[in-house]
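My request is simple: use the sequences and hints to build the entire structure.
Heads up: the protein sequence lines correspond to chains A and B, in order.
Per full-length UniProt numbering: the first sequence = residues 1 to 306.
Per full-length UniProt numbering: the second sequence = residues 1 to 113.
I should point out that these hints are in silico values taken from the structure, not numbers from a laboratory.
Every residue gets a Cβ at the ideal spot worked out from N, C-alpha and C, and that includes glycine.
Accuracy of the hints is not assured; some may be wrong.
Unchecked claim - List of simulated lysine-lysine pairs, DSBU-like, C-alpha gap at most 35 Å:
#, chain 1, residue 1, chain 2, residue 2
1, B, 56, A, 299
2, B, 80, B, 62
3, B, 56, A, 278
4, B, 103, B, 38
5, A, 271, B, 38
6, B, 80, B, 56
7, A, 299, B, 80
8, A, 293, A, 278
9, B, 103, B, 80
10, B, 58, B, 96
11, A, 293, B, 96
12, A, 278, B, 62
13, A, 271, B, 85
14, B, 38, B, 56
15, A, 4, B, 96
What the hints assert, rightly or not - Per the computed footprint, the stretches of chain A lying under chain B, defined by three or more beta-carbons under 8 Å from a beta-carbon of chain B, are:
#, segment
16, 11-21
17, 30-38
18, 41-53
19, 294-306
One-letter residues, chain by chain:
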Amino acid sequence: MSNKIVPSIYRAVIDDVISSIKPEFDEYGVSEDVLHDLQDRWEKKVIASHVAEFDNQAAPAPATNSHPTHPAYPPHPMHTHPHTPGVPNPYAPPPSVYQHSHVPLPPAGAQVKAEPVDTRYMLSQGMAHPSPYAMPPLPGPQIPGARPPNGMAYPTHPPPPPTARYPPTAQHQQPPQARIPQVDGPSALPKIPQLDGPSSSSSESPSPPPSQGYAPRALHPSLPQPLQSTSQADNDEAINSDLDDSDSDNEEVNETGSSAEQDIVFCTYDKVARVKNKWKCILKDGMIHINGKDYLFAKCTGEFEW
Amino acid sequence: MASAYYEFYRGSSIGMALTDSLDELITSGAITPQLAMKVLQQFDKSLADTMVKSVKNKTTLKGHLHTYRLCDDVWTFIVKNPTFKMEQNELVSAAKIKIVACKNGDAIEAGKK
Chain A
1 MSNKIVPSIY RAVIDDVISS IKPEFDEYGV SEDVLHDLQD RWEKKVIASH VAEFDNQAAP
61 APATNSHPTH PAYPPHPMHT HPHTPGVPNP YAPPPSVYQH SHVPLPPAGA QVKAEPVDTR
121 YMLSQGMAHP SPYAMPPLPG PQIPGARPPN GMAYPTHPPP PPTARYPPTA QHQQPPQARI
181 PQVDGPSALP KIPQLDGPSS SSSESPSPPP SQGYAPRALH PSLPQPLQST SQADNDEAIN
241 SDLDDSDSDN EEVNETGSSA EQDIVFCTYD KVARVKNKWK CILKDGMIHI NGKDYLFAKC
301 TGEFEW
Chain B
1 MASAYYEFYR GSSIGMALTD SLDELITSGA ITPQLAMKVL QQFDKSLADT MVKSVKNKTT
61 LKGHLHTYRL CDDVWTFIVK NPTFKMEQNE LVSAAKIKIV ACKNGDAIEA GKK
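Here it is, written out as structure tokens:
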């Protein structure tokens with residue numbers, strides 16, 4: 001494979017960035033642990049993207065599982081099974097994303113690793129779910145591992161009465177939160193039906209939900225990152241998804257959009273010349289992302305017919 | 001100094017991995033957006049320098065030019081049935097590929113030493 005150099009180059013870039021940015025972290029008064037955390041997350045995401053053959057692929061596999069990447073699931077089906085039967089899917093696309101992103105976490109945070117996974121768990125929860133669900137009932141660092149499953153299962157269940165502890169406090173605090181209208185609205189709250197109505201009443205839903213998943217990935221060809229894309233998409237799905245679709249559909253996504261990954265080259269050009277319909281260009285310093293793999297080139301000679 | 005480097009490589013796999021990681025840390029409150037911008041600027045620099053220093057291989061690309069566009073010194077090509085001829089004569093092809101090419105000129109040269 002000619003993308004053999006990719007891991008070493010990426011490794012060099014990561015190391016260079018981390019070492020070069022360390023003074024800035026000091027200047028900002030940010031702990032070095034955060035820098036290591038950043039490096040850790042970055043490396044795992046790169047590895048999880050499977051754009052090249054990374055040597056240390058086996059070592060961080062369990063940690064990678066905590067990120068919502070598809071390649072991580074097959075080896076660890078056990079994490080998902082215990083929870084999935086308990087969670088009904090009234091709204092197929094969004095809950096599935098939540099499940100995938102969260103289900104692997106509670107077991108890991110509660111039983112396997114205490115500290116690192118715990119912070120990650122808190123983080124991802126804050127992004128996909130409103131913090132009020134998790135924060136108020138959290139007295140200490142140990143209990144969150146056990147309790148948040150209730151908090152997470154609660155909004156996904158349309159009939160919530162079984163858990164009597166949360167409704168009085170949690171529900172009164174929730175309405176201001178705009179992030180979980182779809183999940184929360186249909187269960188009990190009459191205050192936000194407007195946000196919820198369009199998405200669940202299926203007046204617009206047939207087209208937007210699928211396009212949500214594709215739009216961000218077409219724009220960002222590298223990694224599937226359901227956590228953020230979904231949380232943002234939930235906020236303003238109707239407007240943004242329409243815009244994204246119309247922008248990209250025209251030229252690029254029509255054929256390859258279904259693959260959720262766009263083949264793309266980032267590079268610079270030295271020369272672009274045309275004679276009639278023959279184009280020649282000299283490209284430099286390119287990063288090719290094609291068929292899910294990355295390639296690098298110092299120089300690329302392109303010859304096209306228009 | 002750092003502004004002399006192109007930012008568009010942030011859209012690559014490794015760049016998106018970094019961007020997403022930074023977003024997570026910002027969301028958790030671990031770092032500020034300002035610091036994240038510093039990291040991204042450092043990434044622009046590190047990536048460009050590493051590419052120039054360590055990547056030497058050449059490749060050729062043939063295909064049918066479906067769309068071309070030049071706007072603000074940025075070429076965008078959409079090539080149908082592209083075939084890359086990598087080193088060791090390895091061929092890589094796809095149905096379509098998009099090429100975003102910034103000018104390899106003053107902007108990036110000024111940043112190099």
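Structure-based check of each hint:
no.: 1; hint: 56/B <-> 299/A; verdict: holds, 8 Å
no.: 2; hint: 80/B <-> 62/B; verdict: holds, 9 Å
no.: 3; hint: 56/B <-> 278/A; verdict: holds, 27 Å
no.: 4; hint: 103/B <-> 38/B; verdict: holds, 23 Å
no.: 5; hint: 271/A <-> 38/B; verdict: holds, 32 Å
no.: 6; hint: 80/B <-> 56/B; verdict: holds, 26 Å
no.: 7; hint: 299/A <-> 80/B; verdict: holds, 20 Å
no.: 8; hint: 293/A <-> 278/A; verdict: holds, 28 Å
no.: 9; hint: 103/B <-> 80/B; verdict: holds, 23 Å
no.: 10; hint: 58/B <-> 96/B; verdict: holds, 21 Å
no.: 11; hint: 293/A <-> 96/B; verdict: holds, 15 Å
no.: 12; hint: 278/A <-> 62/B; verdict: holds, 11 Å
no.: 13; hint: 271/A <-> 85/B; verdict: holds, 19 Å
no.: 14; hint: 38/B <-> 56/B; verdict: holds, 28 Å
no.: 15; hint: 4/A <-> 96/B; verdict: holds, 23 Å
no.: 16; hint: 11-21; verdict: holds (count 7)
no.: 17; hint: 30-38; verdict: holds (count 4)
no.: 18; hint: 41-53; verdict: holds (count 6)
no.: 19; hint: 294-306; verdict: holds (count 13)
The structure meets every hint from the earlier list without exception.
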